[in-house]
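Engineer: One-letter residues, chain by chain:
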Amino acid sequence: MKSAFVTVGTTSFDELVACVVANDSLQILKSLGYNRLVLQIGRGTVVPESFSSDSFTLDVYRYKDSLKEDLQQADLVISHAGAGSCLESLEKGKPLVVVVNEKLMNNHQFELAKQLHKEGHLFYCTCSTLPGLLQSMDLSTLKCYPPGQPEKFSAFLDKVVGLQK
Amino acid sequence: MSAKKIESFEHARTKRDSPPEHCLHRIPRSREVRQSWLSSVFTTLHSMWFSFPLVYHLKPDLVLCNGPGTCVPICVSALLLGILGIKKVIIVYVESICRVETLSLSGKILFHLSDYFIVQWPALKEKYPKSVYLGRIV
Chain P
434 MKSAFVTVGT TSFDELVACV VANDSLQILK SLGYNRLVLQ IGRGTVVPES
484 FSSDSFTLDV YRYKDSLKED LQQADLVISH AGAGSCLESL EKGKPLVVVV
534 NEKLMNNHQF ELAKQLHKEG HLFYCTCSTL PGLLQSMDLS TLKCYPPGQP
584 EKFSAFLDKV VGLQK
Chain R
7 MSAKKIESFE HARTKRDSPP EHCLHRIPRS REVRQSWLSS VFTTLHSMWF
57 SFPLVYHLKP DLVLCNGPGT CVPICVSALL LGILGIKKVI IVYVESICRV
107 ETLSLSGKIL FHLSDYFIVQ WPALKEKYPK SVYLGRIV
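Chains P and R are the protein sequences, given in the same order. Heads up: the first sequence begins at 434 in my numbering, then just goes up one per residue. Heads up: the second sequence begins at 7 in my numbering, then just goes up one per residue.
Source of the hints: derived by calculation from the structure; they are not laboratory data. The C-beta atom is built at its ideal place from N, Cα and C for all residues, glycine as well. Keep in mind that a hint or two might mislead.
What the hints assert, rightly or not - For lysine-lysine, the following PhoX-like pairs were computed, each having C-alpha atoms within a straight-line distance of at most 20 angstroms:
1. P/K547 to R/K133
2. R/K136 to P/K592
3. R/K136 to P/K585
Unchecked claim - On the chain R side, residues computed to face chain P include the following (Cβ under 8 angstroms):
4. R37
5. V39
6. D67
7. V98
8. C104
9. V106
10. L140
11. G141
Unchecked claim - So the derived label-pair ranges between C-beta atoms look like this:
12. P/D457 to R/W43: 32 to 40 angstroms
13. R/D121 to P/M434: 34 to 42 angstroms
14. R/L51 to P/S587: 28 to 36 angstroms
15. R/K131 to P/E584: 51 to 59 angstroms
16. R/A18 to P/G517: 13 to 21 angstroms
17. R/H52 to P/M434: 46 to 54 angstroms
18. R/S46 to P/D457: 36 to 44 angstroms
19. P/Y494 to R/E107: 28 to 36 angstroms
20. R/S14 to P/R495: 14 to 22 angstroms
All chains, full assembly: derive it from the sequences and hints.
Structural biologist: What follows is the structure, given as structure tokens:
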């Protein structure tokens with residue numbers, strides 16, 4: 434069972450949801466060997482119907498308390514460019530495709546996707562270029578994401594408030 | 007959603023049978039995603055109406071925040087406490103990891119108001135030498 438997980442985080446990204454369930458995207462996913470697609474759609478207004486056939490399953494939901502399980506089971510994550518979604522996927526070592534929402538103001542999310550792509554950790558695209566990317570990408574070229582160092586921050590904070598010299 | 011996560015996180019780290027060491031307060035958002043700038047001025051002032059009494063009541067030693075704009079009224083209130091001679095509050099702002107080369111609007115505002123401004127990418131440390139760079143936190 435090879436599964437792809439699509440997440441839009443806490444907001445909505447109707448264009449991505451619509452794009453992923455469009456016929457051409459589904460065909461590409463099937464041709465790449467995926468037989469399960471899980472869609473976390475947040476508060477989006479595009480709500481595809483879940484279905485299950487012999488060859489393919491589509492699960493759709495809005496939110497879960499934790500995406501840990503769906504991320505764990507995914508062989509591919511297709512995510513909006515939100516930092517939380519990206520970093521959670523990368524920390525789990527999942528191949529990640531980030532779809533940038535061109536409608537968001539200043540498109541600041543793009544900066545993070547661009548940087549992480551520069552460092553070789555993910556692929557990024559827009560809704561219109563997603564099918565092309567899915568077809569051409571080579572996931573084996575992605576590099577592991579080294580974890581952050583929160584202990585440096587906590588040590589700094591301890592000094593600032595005087596808990597540590 | 008965040009409230010639930012906080013509760014479960016705090017529950018996990020509090021020793022059994024001891025009282026909780028945290029409390030949750032809510033203030034209105036200063037600005038919704040895609041909200042117009044003009045109306046944001048009014049919603050931010052509305053948030054100030056709640057933020058200042060809260061900060062006055064709590065008199066924190068430290069305000070730790072990372073945007074978005076919702077933190078601005080809290081930080082302004084903390085600054086006011088200092089200006090009015092009531093209490094010096096340390097303000098630490100952590101710019102979002104999303105910000106690689108440019109600051110967010112909250113960041114641009116808080117850069118001048120905070121005591122410590124933390125960035126998570128070297129390009130920002132170069133542009134804003136007064137900021138603090140400790141590598142990526144996440």
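Engineer: Between P/D457 and R/W43, does the beta-carbon spacing fit 32 to 40 angstroms?
Structural biologist: At 39 angstroms between Cβs, range holds.
Engineer: Is the interface hint satisfied for R/V98? The criterion is a beta-carbon contact with chain P at less than 8 angstroms.
Structural biologist: 6 angstroms, holds
Engineer: Does the beta carbon distance between R/S14 and P/R495 stay inside 14 to 22 angstroms, or does it fall outside?
Structural biologist: 20 angstroms, holds
Engineer: Are R/C104 and chain P close enough, Cβ to Cβ, to be under 8 angstroms, as the hint says?
Structural biologist: R/C104 check passes; min Cβ-Cβ to chain P is 5 angstroms, inside 8 angstroms.
Engineer: For the range 36 to 44 angstroms, tell me whether the beta carbons of R/S46 and P/D457 fit it or not.
Structural biologist: 40 angstroms, holds
Engineer: If you take the shortest Cβ to Cβ gap from R/G141 to chain P, is it below 8 angstroms?
Structural biologist: 5 angstroms, holds
Engineer: Just to be careful: measuring from the Cβ of R/D67 to every Cβ in chain P, is the smallest value less than 8 angstroms?
Structural biologist: 6 angstroms, holds
Engineer: Should the interface hint for R/L140 be scored as holding, given a Cβ-Cβ cut-off of 8 angstroms against chain P?
Structural biologist: For R/L140, the interface hint holds, since the closest Cβ of chain P sits about 4 angstroms away, which is under 8 angstroms.
Engineer: Do the Cβ positions of R/K131 and P/E584 conform to the proposed distance bound of 51 to 59 angstroms?
Structural biologist: 19 angstroms, violated
Engineer: Using the nearest Cβ pair, does R/V106 come within less than 8 angstroms of chain P?
Structural biologist: Since chain P brings a Cβ to about 4 angstroms from R/V106, closer than 8 angstroms, the hint holds.
Engineer: Starting from the hint 28 to 36 angstroms, judge whether the C-beta atoms of R/L51 and P/S587 obey it.
Structural biologist: For P/S587 against R/L51, whose Cβ atoms are near 34 angstroms apart, the range 28 to 36 angstroms holds.
Engineer: For R/K136 and P/K585, compute the direct alpha-carbon distance and say whether it is at most 20 angstroms.
Structural biologist: Holds. R/K136 to P/K585 sits at ~18 angstroms (cutoff 20 angstroms).
Of the numbered hints listed earlier, those contradicted by the structure are 4, 13 and 15.
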